[in-house]
Each structure stands twice: as structure tokens, then as C-alpha cells.
Amino acid sequence: MTVRDPTPVPEHPSLEEVYEATPFSEAFWTYVNYIILNIFGWFRDFLRRTRIENRKGSAEYNPSGFVPLYQSYESFYTRNVYQRIADCFNRPIGGVPGGKLDLMERVTEDYNWSFNFTGNKITTINLGSYNYLGFANNNGPIADNVIESIKENGLATASSTQEFGNLKQHRKLESLVAQFLGTEDAIAFGMGFATNALNISSLCGKGCLILSDELNHTSLVLGARLSGAVIKVYKHNDMKHLERLLRDSIVSGQPRTHRPWQKILIIVEGVYSMEGSLCKLPELIELKKKYRAYLYLDEAHSIGAMGSRGRGVVDYWKCDVNDVDVLMGTFTKSFAAAGGYIAGKKELIDHIRINSHACAYAISMSPPVVEQIISVLNLLIDDDETREGRKRINQLAWNTRYFRQRLSKMGFIVYGHPHSPVVPALLYSPSKIAAFNREMLKRGVSVVTVGFPATPLVLGRVRFCLSASHTKEMLDDVLKYAEEVGDLLNMRQSKLNPKKPFHETELIAH
Amino acid sequence: MNVGIAQGERNPNSSWLNSRGVWLTYIILVFVLHFILLSIPYITTSVAWTLTTTIHNLCNYYLFHVVKGAPWETSDQGRARRFTFWEQIDDGIQWTGTRKFLQIVPVVLFFIASFYTKYDKTHFLINLATMLLAVVPKFPIFFGVRLLDINRY
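Those sequence lines, one after another, are chains W and P.
Just so it is clear: in the first sequence, position 355 is 355 by my numbering, and no numbers are missing.
Just so it is clear: in the second sequence, position 125 is 125 by my numbering, and no numbers are missing.
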């Protein structure tokens, strides 16, 4: 792994996030696109119902006299829109998803209802994996450590944390995480989604108020709903709306009884993976101190990836770690492992150790996974600039700035914060989503394209996930291909950055 | 629960009519329909306008008040399955901008059609009937009402 620029990139936290307005022509043609898909969908459903056409999806055998279990209208979108472009999603891979990825080539004879493997493997540049620091390898010193750990500690603890599942390794991991983040203590769980879903209810309950961002991940939404607290949603990153909600809620108190709230918890994410935006941490901390609320920061995508030392958004914004009450994160993205953690004051972690559903019922983290995280953390904690950990962090930061600058200068409409490693470029319509995906695959790049209902209706996008294992040459290739495909699909319509060809978009000092 | 989605929006049907450019697209498409009808040689202007309003109102009635549920799996655990599309807009809040817009369009089309058909009796009756079909089910008093148990389940 070569580093292009060994000197660390100067970090100025920046507040500029630009979300260019959708051009009306794009929106119009996207609606026409959906209308045509709908018309054909109704037509084909009619043919299927009257058995003129074979029903290829699974259909419910509905005996007479019984109420149907499923409404076939619910899967209208899946049958008629998703299935047409299903070869762009869920592609089987033939190797480790590092900087380059091997895809198993597959063909379909009946329009994506079923696939057959041809036996070939396509090597592609991988821009679809959350491999921010490039640790996704299955050989190397870390993998050797992991294999050693399997021989010593076995594959699973087969017990919950409160019973026999807490090994010395887990305590070592937790103290390393606390040291990495700069908090007093930490606790680790086997699954990142479950960390959110199961632990928010040990923090909040009935009589509490949760203020959550519009674009929070499903795990946070589920955790908030499971806790039984009152949930109010504020517009994404809109601090004025949040303040208004805080003031109104504190003044009016709990619903019906108007008693004061037991606790107010503001839930935000560090980096929002669909938009590529960052939370506005300094303003949030100021608000939380003013109104005496608590802050829960989910750093799933930002731990390891943001900040000059890789310690997440708190490091990026240069805030005090003690100001954030609950720091949560996952090991899935930057650490190439699985699981999640919660870090904070010792009292908080002790409380969670006793009261968390995950500690009582869920199996603790598997030992080889713990070993992987410990090895990665040992690399990242090391502050020495010439060592592996810092080199990777700097490489990722350089890649991010380089790629984002060139992409937006070429005229693509790009959302998100200029320093976030998740780069969404807008495509708008479902047909373009499929076309971009397939064209890039033909040129040897695998990307993730998302549309409705994961994004708003008109805002289909391609989401590039950058990694420290991408070299400048790889990124240049991707940019050149993106330029070709962007011209084919007429994507480069930014008015803020009118489109320029690739060779004119040389990088000026960050 | 659709865990693939990043957001927590329960039913996208409630908000997509507020997206950028939908209202203008709607009006443009009605006029596109009208121009297609005008280009058929044996149809006079008045017949074309009546046909436009009739087709628009019938499609409006069917898509907003007959079809129930959403064409994708929602994460609201089936709460919207009994509701028609009109009732799902903006999660049931009445008199929002979108609802007002959708109620005005059939009325405006009725006025335009009456003008172009020179207030002829048969055309008037047809246009009035379809306009009522499109506008009356949108009244707040009819929210959740299923007359004679038609389309109840």
C-alpha cells in the first residue's frame, strides 16, 4: 500500500455543506419515468392476473373462503420496478472486498427473475464497500493474529456477557476503545445494529423525550421506539428547528400531564451515509448545554474515518470528548470486523453493563473478531506519523479531498460535507441508476447505486465509498470512467460547478 | 421492517407529492394529454376538452380513492393498508398545500372545459358529473368513509 502524500493533510473543520437544488428538467423526467414504469406495471399485473403471462414471482396460494394474507399491491414496486434492475443489486462476490473486488459474473435469461453463473470472475475497482481504512484483508499480520486467537479461544463464547461470555480479551478491547476515544470506559457488543436497538431503552424510558434527526438510521429509530419514550423528529441538521423543538417541549412538558421530562436525549449520527453529511457537533454541544439535554452520537461511519487522528467527528470538530454523553460506534466499517461499542463515563458504562438487554440475553462478541479489532486499534492508537495507522488515516483524508474536488469540478452534483468519505453523486431517475451501475461495471468499477424508497423519490444517487486502499491511479481511472458515463447519461448538470473535462480539473491545494 | 432503508420514514406515500416539481409536472402532463387528444383529426375542441377532463377525473378518482395501501412494503406495520392514497397524503393532516392543490385542479379544469364547450348542455352535465366524482371524495368529511361498504377491505 503506497501513500501518495506522506505529510499529514492540514485539518480545518469546515461548515460548508452545499446541497444543490434539483434541476426541474431532471425532476420532470424522473416523474415521467415513474409514470411509464407504473403504466407498464399495471398492464403486466393485469396480464399476470388473467394468466396470459406466467407469474414468475412467488404468489400466495389462496384457498377459497380464506382472507388473503398478503396484498399483492404491496409487492407492486418489487415486481415491476426493482426486478427490472435486480442485476445491479446483491451481486455475489468472489473474494475479499478490498480496494479491488472480484465479482462472479452472472447472466439472466428471463429478465432478472433468475441468474446463472458463467464461471468467470470480473475484477473491479471497489467503490461500494465500507472499507474506509483498507483493513479488509484475509492475509497479513492482523489475520495471523486472528487465526492464533481462534486456536486459543475458540470461535464463540456461547454465553451472554453477564454469565460466562466476558473474557479477558473483551475487557482488553473495552479498555483499548476507551483509550482510543479518550473516555473513561467502554463496552462492546457483538452486533452494531443491536447496540443501538437494545441500549437506548436502558438509557431512556417512559417519561423521557428523544429528539432524533430526520435521517437517522433504522437501528436508532427502532431503539428509540422500543424504549417507550416520546420521539420528536427534527429536520436534518437544522439546529434552529431543533432548538425550537427543545424549547417547546421543555415548556409544555410531558403530554397530557405537563410534568417536566425525566430526561431529554438528542440522537445524532457522525456521518450520515446516504447524504454524506456531518452533524454540526459544536452547535449541538452548545444547545445541549444550554437546555441541559444529553447527546447520543452514533459514529458508525465516522470512527476511524474522520479526524486528523482518526478518532471520529469529535476529533474532527476538535471538541471535548467529555461533552458528548454517549459515544456509540460500530466496528464494521473502519475496523473490518463486526460489532458495536458504547463509550462514556464509567457510571454510564457500569449502568449499561447491568441493565442492557444485550448484556443479559445476547451472546458476547466472538473472540477472533475481538482479536481483529484489538490488532487494528493497536495500529490506530499509535500516534507515530510513519506507522501504518496514521499513514492509512492520512491516505483516506487525501483520497477524500482529491476525489470530491475533482468530481464536483467535473460538473457532477455531489451532496455532503467536503471532508466526508461517503460521496453521493445524484442520478435522480431509476433508469439512470441502473444504467450507471451497468456501464461502470462494463468498465470495471463496482459502485452502489440507490433509489427510492431508500432515498426520496426524485433523488436517486450513486454513492462512492472511498478507502485508504485506493491509490491515486485507481481514483483517476474511476473519475475518467465516471466522466464518460456521466456524459452518456447527462449527469453533469451542476450549475454551481459547470462541467469541465477531466484533465482541466487539477487539484489545487485542498 | 425494511432495514435496507437508512431513514425512518414510515410511508413514503405521505410525502412524495411534496417533492420538487410534482405540481408543475402534473399540470404539464394534463396539457400533454390534451394535446394528444387535439391531434386526433375527428375530435373537435369541445370534445377534446371534455375528454381531457373526463379522463383526468376518472384517473384521479381511481388512483386517489379506489386504490388502497402502497405499492411497496412500508415500515408502519400495515397501518396504511386500509387507507386510500388520498387519505395517506401528509399522514392524514387536512388542508395542506398539496391537498388544496389537488382539490383545485379538477375545478379549474371544469371551468376551462365549460368555456371551450361554449356551455353546451350535454357537455356541461358530463363535466359536472366527473368533476363531482373527483372533488367530493376529497372533502374532509369523507375521510375514511366507505359508502355502502364498497372498497372497505
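Among the hints, a few may not be true.
Claimed, not checked - Here are the computed lysine-lysine pairs in the BS3-like style, where the Cα-Cα straight-line distance is at most 30 Å:
(1) W:Lys232 with W:Lys151
(2) W:Lys235 with W:Lys172
(3) W:Lys56 with P:Lys100
(4) W:Lys290 with W:Lys240
(5) W:Lys232 with P:Lys100
(6) W:Lys172 with W:Lys391
(7) W:Lys391 with W:Lys263
(8) W:Lys168 with W:Lys100
(9) P:Lys68 with W:Lys240
(10) W:Lys345 with W:Lys168
(11) P:Lys121 with W:Lys235
(12) P:Lys68 with W:Lys232
(13) W:Lys346 with W:Lys318
(14) P:Lys118 with W:Lys235
As the list claims (entries may be wrong) - Pairwise CB distance ranges, derived in the manner of DEER restraints:
(15) P:Leu125 with W:Asn62: 23 to 29 Å
(16) W:Gly444 with P:Leu63: 41 to 47 Å
(17) P:Tyr26 with W:Glu473: 46 to 52 Å
(18) P:Ile55 with W:Pro92: 19 to 25 Å
(19) W:Gln83 with P:Ile55: 51 to 57 Å
(20) P:Gly92 with W:Glu105: 47 to 53 Å
(21) W:Ile250 with P:Asp76: 52 to 58 Å
(22) W:Ala454 with P:Phe143: 27 to 33 Å
Hint data in this document are derived by calculation from the structure and do not stem from the laboratory.
The C-beta atom is built at its ideal place from N, Cα and C for all residues, glycine as well.
Given the hint that Lys56 of chain W pairs with Lys100 of chain P, does the C-alpha gap stay at or below 30 Å?
-> violated, 41 Å
Restraint status (C-alpha distance of Lys391 of chain W to Lys263 of chain W at most 30 Å) = Violated. Lys391 of chain W to Lys263 of chain W sits at ~42 Å, over the 30 Å cutoff.
With a cut-off of 30 Å on the C-alpha distance, tell me whether Lys345 of chain W and Lys168 of chain W pass.
-> holds, 21 Å
Does Lys232 of chain W pair with Lys100 of chain P here, judged by a C-alpha cut-off of 30 Å?
-> Measuring from Cα to Cα gives roughly 27 Å; hence the hint holds.
Can the suggested window of 23 to 29 Å be confirmed for the beta-carbon pair Leu125 of chain P and Asn62 of chain W?
-> About 42 Å separates the Cβ atoms of Leu125 of chain P and Asn62 of chain W, which means 23 to 29 Å is violated.
Distance restraint between Lys68 of chain P and Lys232 of chain W, which requires alpha-carbon spacing of 30 Å or less = With a Cα-Cα distance of about 28 Å, the restraint between Lys68 of chain P and Lys232 of chain W holds, given a limit of 30 Å.
Verify the proposed pairing of Lys232 of chain W with Lys151 of chain W, using a straight-line Cα cut of 30 Å.
-> Judged against 30 Å, a Cα distance of about 49 Å means the pair is violated.
Measuring from beta carbon to beta carbon, are Ala454 of chain W and Phe143 of chain P in 27 to 33 Å?
-> holds, 30 Å
Starting from Lys235 of chain W, check that the Cα of Lys172 of chain W is at most 30 Å away, please.
-> violated, 39 Å
Within a Cα-Cα threshold of 30 Å, do Lys118 of chain P and Lys235 of chain W meet the stated pairing?
-> Outside the cut-off at roughly 50 Å; violated.
Does the Cβ-Cβ separation between Gly92 of chain P and Glu105 of chain W fall within 47 to 53 Å?
-> holds, 48 Å
For Ile250 of chain W and Asp76 of chain P, compare the CB-CB distance with the range 52 to 58 Å and indicate the outcome.
-> Between Ile250 of chain W and Asp76 of chain P, where Cβ atoms are some 29 Å apart, the hint is violated.
The structure is inconsistent with the numbered hints 1, 2, 3, 7, 8, 9, 11, 14, 15, 18, 19, 21, although it conforms to all the rest.
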